[in-house]
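Colleague: One letter stands for each residue in the lines below.
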Amino acid sequence: MLVYYFELGLRSLRRNPALTTLMVMAIGFGVAASMITYSVFRAVSGNPIPGKSSQLFTPQIDGWGPQQNLQGEPAEALSYTDAMALMRAHQASRQTLLYAVHVSVLPGGSRSLPIGANGYAVYGDFFPMFEVPFRYGSGWSKADDDGRAAVVVLSEAFNHKVFGNIDSVGHELTLNGHDYRVVGVARHWDLHPRFFAAFDGNSFDDPSDFYLPFTRAMDLQFDTYGRNSCRGNIDFSTRDAWLRSNCVWAMPWVELDSAADAARYRQFLDSYAADQQRAGRFAWAPNVRLRNVTQWLEVEHVVPRETRISLTVALGFFVICLVNTIGLLLAKFMRRAGEIGVRRALGAARSEIYKQFLIEAATLGLAGGVLGLALTAVGMLGVGLLFQPQIARLAHLDISLMAMTLLTAIVATVLAAFYPAWRAAHVQPAWQLKSN
Amino acid sequence: MQIKPILSAMRHHKAGVGLIALQIALTLAIVCNALFIIQQRLAHLSEPTGLDEANVFVISNQWANQSTEQQTHAQILADMAALRRLPSVRDVSPSNSYPLRGSGWDDYITLTPEQTEKTTDANVYLGDEHLLDTLGVTLLAGRNFRADEVGQISSRQNVASPVVIVTKALADRLYPDGSALGKSFYEMSKTPSTIIGIIDLLQNQSVSTWNTAYAYQSVIRPLQEDNSDGLYYIVRARPGQLVAAMREVPKALYTQNLMRIIDPEDGELSFAEARARAYDSDRGMAILMGIISVVLLAITAAGIVGLTSFWVGQRRKQIGVRRALGATRSDILRYFLTENLLISVGGVVVGIALAIGINLWMVTQFEIARLSLVYVLIGVVVLLLLGQIAVLAPARRASNVSPIEATRST
Numbered sequence: 000m001l002v003y004y005f006e007l008g009l010r011s012l013r014r015n016p017a018l019t020t021l022m023v024m025a026i027g028f029g030v031a032a033s034m035i036t037y038s039v040f041r042a043v044s045g046n047p048i049p050g051k052s053s054q055l056f057t058p059q060i061d062g063w064g065p066q067q068n069l070q071g072e073p074a075e076a077l078s079y080t081d082a083m084a085l086m087r088a089h090q091a092s093r094q095t096l097l098y099a100v101h102v103s104v105l106p107g108g109s110r111s112l113p114i115g116a117n118g119y120a121v122y123g124d125f126f127p128m129f130e131v132p133f134r135y136g137s138g139w140s141k142a143d144d145d146g147r148a149a150v151v152v153l154s155e156a157f158n159h160k161v162f163g164n165i166d167s168v169g170h171e172l173t174l175n176g177h178d179y180r181v182v183g184v185a186r187h188w189d190l191h192p193r194f195f196a197a198f199d200g201n202s203f204d205d206p207s208d209f210y211l212p213f214t215r216a217m218d219l220q221f222d223t224y225g226r227n228s229c230r231g232n233i234d235f236s237t238r239d240a241w242l243r244s245n246c247v248w249a250m251p252w253v254e255l256d257s258a259a260d261a262a263r264y265r266q267f268l269d270s271y272a273a274d275q276q277r278a279g280r281f282a283w284a285p286n287v288r289l290r291n292v293t294q295w296l297e298v299e300h301v302v303p304r305e306t307r308i309s310l311t312v313a314l315g316f317f318v319i320c321l322v323n324t325i326g327l328l329l330a331k332f333m334r335r336a337g338e339i340g341v342r343r344a345l346g347a348a349r350s351e352i353y354k355q356f357l358i359e360a361a362t363l364g365l366a367g368g369v370l371g372l373a374l375t376a377v378g379m380l381g382v383g384l385l386f387q388p389q390i391a392r393l394a395h396l397d398i399s400l401m402a403m404t405l406l407t408a409i410v411a412t413v414l415a416a417f418y419p420a421w422r423a424a425h426v427q428p429a430w431q432l433k434s435n
Numbered sequence: 000m001q002i003k004p005i006l007s008a009m010r011h012h013k014a015g016v017g018l019i020a021l022q023i024a025l026t027l028a029i030v031c032n033a034l035f036i037i038q039q040r041l042a043h044l045s046e047p048t049g050l051d052e053a054n055v056f057v058i059s060n061q062w063a064n065q066s067t068e069q070q071t072h073a074q075i076l077a078d079m080a081a082l083r084r085l086p087s088v089r090d091v092s093p094s095n096s097y098p099l100r101g102s103g104w105d106d107y108i109t110l111t112p113e114q115t116e117k118t119t120d121a122n123v124y125l126g127d128e129h130l131l132d133t134l135g136v137t138l139l140a141g142r143n144f145r146a147d148e149v150g151q152i153s154s155r156q157n158v159a160s161p162v163v164i165v166t167k168a169l170a171d172r173l174y175p176d177g178s179a180l181g182k183s184f185y186e187m188s189k190t191p192s193t194i195i196g197i198i199d200l201l202q203n204q205s206v207s208t209w210n211t212a213y214a215y216q217s218v219i220r221p222l223q224e225d226n227s228d229g230l231y232y233i234v235r236a237r238p239g240q241l242v243a244a245m246r247e248v249p250k251a252l253y254t255q256n257l258m259r260i261i262d263p264e265d266g267e268l269s270f271a272e273a274r275a276r277a278y279d280s281d282r283g284m285a286i287l288m289g290i291i292s293v294v295l296l297a298i299t300a301a302g303i304v305g306l307t308s309f310w311v312g313q314r315r316k317q318i319g320v321r322r323a324l325g326a327t328r329s330d331i332l333r334y335f336l337t338e339n340l341l342i343s344v345g346g347v348v349v350g351i352a353l354a355i356g357i358n359l360w361m362v363t364q365f366e367i368a369r370l371s372l373v374y375v376l377i378g379v380v381v382l383l384l385l386g387q388i389a390v391l392a393p394a395r396r397a398s399n400v401s402p403i404e405a406t407r408s409t
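Residue numbers (numbering that gives the first Met the number 0), protein chains in the order written: chain A, 0 to 435; chain B, 0 to 409.
If you are wondering where the hints come from, they were derived from the structure by calculation, not from laboratory data. We put the CB at the ideal spot given by N, CA and C, even for glycine. One or more of the hints may lead you astray.
As the list claims (entries may be wrong) - Among the chain B residues that face chain A by a calculated CB cut under 8 Å, a handful are:
(1) N226
(2) Y231
(3) G283
(4) V294
Said to hold, decoys possible - Calculated lysine-lysine pairs in the DSS-like style (CA-CA distance at most 27 Å, straight line):
(5) B:K316 - B:K13
(6) B:K167 - B:K117
(7) A:K354 - B:K316
(8) B:K250 - A:K160
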């Protein structure tokens, strides 16, 4: 019977090609607009590290005070003084500081043109904390951190660019004129949003080329290539004066395995800030935060406004397309009132009428979904025109999005058909027969 | 035309009438918000930078050799001299940034050295005595820097500049009575900076919403950055020679010294490219809202055509009766036009409320501006016209129904 209804549906759709085309187009456009904007939204709003997002925290300590902080909120990164104090205290199972660095590399030896490379200065804990996958070798040890070792971890792509397709572990690489020993090559690792780069505002940029020890970078006076934010007097005659200042630029991350650990760490932050107040460094009460990955992404407004506005407007658009479909389906179904009356008079139950019309609607939804899929595919080519390139590159039409497009179209159309089908099922057979 | 019979006829297909009215209401709500967003974005992306944009381009120059500050300083001077000799180049200046770059250097400004809370914010540009001519900005009052005033700044070292040039926006913000020239302020320092020149316009390095309040408050400091990272060279080509200059400048720089990085992808940007990059998301939003509005209006119009055609088909017999009883074709035409107008007006009234409601919600969610009523008005006119145009074809068909239909049984 269902197959028969499906055929009936197809026949009915063919009977009225203009109306059918109109409905299919409305559903197709509506679902495509929603899916295109959703694909971008999905790409930027996901949880970058689902397994650990609730165990990774970034501590914040207010070193600026109520008059200069961010409307009551502490700065989004730490000053060198506070960052080093947290590292020394070592109150978390794993901990790292990080900041963006930029270096020059001569990929083909001294006779080639130099190229620039972007990376991060981090501690050895960075790799297990953020679950960096390795193709060759591994990260470095705590001893390397303490020994300020000249070691480096490369990304797979950067390794390929510099060494070709080989296991470069053990090879030497010159960055900014200094030699480093390659200890690991990370597999393609492209988190988005790259939560630990949110302070620099480049959560969606290309993945980094390399990672080197924070301690080594400090020894070589690597300047931050990311953000640096200061308050008050910034007259510095030396780099050391800058390091001692309230300028924030180092991002701290800690791994805390349980809620109890997190509570303990928060207490530690409070007592650290209280110590600073007692020592006279802070002239204000402790003002600290401990946010996990999801909370951090929220506070940093990582998902661009444009992405959310586009999705909202596209969904509104889809709703209108469905209202349109309800109206047209109503017209279409009610035109067959006579036919329904005959069926009902011959003993068809209301549920049969429902079934027939809902299946017809599902057929229509399927057609709309197929058109929507085609439009989504075309739209994906144009995503670069609508969103920033670094965000547009993240949007893909994959199997799950394709399935979702079809499913959304069918479900939405069937839902839209409920009212028209209800009206059709409540046609009075006697009345219809009489007027005929 | 009598409205009463139309209203009583509408009562017979309440659902259809309701759905068309609802569709018109929702369309109005979305379209006027979309139009408003388009206008906001277009206004944002056409804000002037104050530069001679047609002839300006920017080189992002990073150093690849580990030189001392003195060596870097000498190299920058040599680069400047070499570029200024090029026939296609009018002028060039080293700088830390350029308008619309995306991010940049921003300082708190105070009027006294003791103040902890800022008086205002300003964008900081560094440059030598050639910067004003290179940018093509107009000096409104005072004078340009002298060559001997240009100092050096290195990595994470900062000393307040004794003399600075500011934009009129900053001058007026600090000294609203127009007396800024010769006065001083404090730029996160205990040492005052004295305003020696005032220029008309120089936009910020970032055009994000967070600094709209300071969009044109800029301060220029006579400094050259000698740190190991690198800097920007802003170049102004002679009129019509932009392409030639963009070809010759990198060559001239590499002839000077190979140990530098000018990224092949974005190391050299004409100002048109820089502008396109800065506003890509605004442009994208405007395009998307435009597409959605057009498709939405088309679908709503098509929906009206579809439903009205259905009603015409349903009422052929009644129309025939009316025609047989003496109604003219234009009576029938007017009947359907009026019916549509009544439904549209109903939809539009609900739509106005919805449009304002959606906007208020978006204001809280996305920090966008309050909807101007002009856009609601435009939306209302567009939708009423759209309804009348859409209903025209089915109404014509209705008016062509022959009185003979009255005698046929369905």
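Colleague: For every hint, state whether the structure bears it out.
Modeller: To see whether the hints hold, each was checked on the structure:
1. N226: holds (7 Å)
2. Y231: violated (14 Å)
3. G283: holds (4 Å)
4. V294: Holds, because the Cβ-Cβ distance from V294 of chain B to chain A comes to roughly 5 Å (cut-off 8 Å).
5. B:K316 - B:K13: holds (20 Å)
6. B:K167 - B:K117: holds (19 Å)
7. A:K354 - B:K316: The hint is violated at about 32 Å.
8. B:K250 - A:K160: Answer holds: K250 of chain B to K160 of chain A is near 25 Å, not above 27 Å.
In terms of the numbered hints stated before, the structure departs from hints 2 and 7, listed from lowest to highest.
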